[in-house]
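Take these sequences, add in the hints, and give me the full structure.
Which chain is which? The protein sequence lines are A and B, in order. In short: position in the first sequence from 1, add 1283, done, that's this note's numbering. In short: position in the second sequence from 1, add 2, done, that's this note's numbering.
The set of hints was computed from the structure by calculation and includes no laboratory data. Treat the hints with care, as some may be off.
What the hints assert, rightly or not - Here are some chain A residues pointing at chain B (derived, C-beta under 7 angstroms):
#1 I1309
#2 S1418
#3 A1612
#4 R1647
#5 R1675
Glycine included, every Cβ here is placed at the ideal spot set by N, Cα and C.
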Amino acid sequence: MDKKVKQCLEEIVGAENFTDSLIDLIAYAKDASEHRHRPDAAMWPVTVEQIVATLKLANQAKFPVTPRGAGTSLAGLAVPDRGGVILDLSRMDKILAINIEDRLVVVQPGVVYADLDRALASYGFFFPPDPASGSVCTLGGNVATNAGGIKGAKYGTTKDYVLALEVVLPDGRILHTGSKCMKSVSGYDLTRLFVGSEGTLGVITEITLKVNPKPPMTSTAMATFETLEDAGRAISEIMYSGIIPSALEVVDQQTLIAINQNTDLGLPEVEALLVAETDGYTREETEFQMEKIIEIFKKNNATTTRQADSKEEAEALWTARKSAYGVLARINNNLIVEDLAVPMSKVPDMLRSISELAKKHNLRIPTVGHAGDGNLHPVICFDGTNPDEVKRVEEASAQLFEKVIELGGTLTGEHGIGLAKIPFMGLEHDQVSMDVMRSVKQLFDPNNILNPGKMGLEE
Amino acid sequence: MKEKYDFETQFRDQVLRCSSCGFCRAVCPVFGITKRPALNARGKMLILKEVMDGNVDLNDELVETLFQCTTCASCSEQCPSGVNPPEIIKQARKDMVRIGSCHPAFEGMNQILKNHTNIYAEDEPEDFGRARHKNAPYVFFIGCVGAYREDEATMATLDVLDRLEVDYTLIDEVCCSGALEDVGFEINQRLTEKNVERILDTGAKAVITGCPYCSRTFNNKPQYQGLKDAGVEIIHISQFLKDFDFGVRTDKVVTYHDPCDLGRHCGIYEEPRQTIRKIAPNFVEMRHNRANALCCGAGGGVRGAYAKNSIDMARRRLEEVEEVGAEIVLTECNSCVHNLKNAKLRAQKFKIFTITQFLNHLLEEAG
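Have a look at this one:
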């Protein structure tokens, strides 16, 4: 990057908010995926005007700009693949308004998910998506990636809560989308276009979110199944029974084995373990729902079922699911936390296929997931210094996504395309769909300055 | 292949195991005030990976991040991959110093301890008006901050020990010098030998330390093995006081700041609370407490090297005091007290003491 351009960028945000130090360039080269590429500089803008000036300059001098939140992406969304400038929005971290009367909040993009959650707790409200990285991830990142989480089956994902956005377009114009009303069909739904756009269309600078009252009571239960098919039938049956659990999670046999080898938890090494949570306003309400769920567990040959009587017991039932990532991260040099979704009835088929693929390619692929919405996370464990193993991982990934599409699934439920899924875009999206996506990109960002190289938008 | 640096030999697997999840952002005190990923544990691990890959050499450009860590170990506590960044960073600092890259403040500290007996280069030892070098079952070891910066707190602690009729002695102590190992240097044997010799001379069965860091050093560094070999027990003052009854109490709202050196590094969370609950029934916990407590910003040499950021970290901690509406903040580390007091704004009306200092105050009031 030209020295003069760097000087201009520094003038835009001030010396304290600009860097091209080696340590920053290395730190911004990576997110939580395996992808890596250094930017040429990074900025921490603190006003919309600074972002406008930066994008105008980038559009004119034609250098890449990659917006970034907490950099917790698991698919390379935040990696500056073509260099250029990182626009780190984490210093724009103000909650601008909590308007409970209208059931909405207005926030800057750098507000951390957990900080909003804490601010809303005193009103008895919450922003439901609950991504696993909630303690660190930013709301700007949540919107740009349409983040999901454990509560998807009942509460949906980020897209279901974004009412309005302020976005700086690549040419420096400021776009306001949506409305602060709960209902609005006024014109094209531009808000939805930006939700999940992975920073390729504009820089989100203000977010209006719908928030929900938080049900104070929960019930929790766990069940084990000898076969994936039994667990799968239980999942489907729960989801069409009329009861919608606030969480329904699955842990597979490989994960249970890994946990048992590395902890004293002594879990049953069955083909599937399910954990369900129901929520509501009274104990009767949550228990009523849970009784139905346990009935369905039993009807589908659950070998054991356990319901928590206390908060501590509930936490114990969650241990298998919640300790999975930690255990796998401690025993493996490299992990790819994959992400896919299939129609709910296909969850057992998908789990069976993952286990067969692991065997075929001599890999360990323990899988956990949000069974209640068909969103699974096969965790591919490998040693990155072993080239033969890396090759087998690549082959297995390709076959995994062929299977996903064959089952009527989608390449990603909540992590996004980024860099990781580009090779598979053609499997899910036909030429017309890719053409339209590329036209949208061309319309907003004709010079391809915003997060270039992502989502398979280049031919 | 021979590794170029010692941190690789010792910690290669751990550095590789960092999965870059970024969860340490939630707790790193330096990141909390700077929002700069290069200063967070994930950033530091990425930089060390680049060094291991041969893409970058350890050099002056890395000083700002590798020497800006309070070693508070919040990141280790949170890390799903079981990585212990402070230990890795401390070794990398030693590698840096070996090749001549170091923050001047730390170089200064090493020089000072070569020529003086304490980190402040004070030549006149504080006189606390207590017996020195007498034969006694206990030695009370003050520590540099308690002796030269928070002497009022130290005096109060000694008063409490007197009221409890504890038979102790002071010694002409010198810096435990453990901190040198945290900032890239070797522990100073001239100093450690003096301490061991002077403690053993008293015939004491135990050393009570006022400083949790000194306590850690005596317990963990091989240079102090002589104490253990002679059967001398090392106890922090908060452990020593937990079983006494004081017969005084306050109605004020009191909270407790867990010092990193006492909490995360020694696992001492309950003893100080046991004492506080006896004297302050209106005890409240801050949002981050025990293993999740926020660092005051003073540790790892950061107060000396990056004073502004250190004070900002302390301010952030004090915001949590306001959140819970406490009137009194207690802690049991003079270094924390010192930094928190320096950071306190005039508008903040709460007061900051060590537990023993506050206890002494109550005892004095009760006559």
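> Which hint numbers does the structure go against, in order from smallest to largest?
Replying inline: Result: hints 4 and 5 break, sorted rising.
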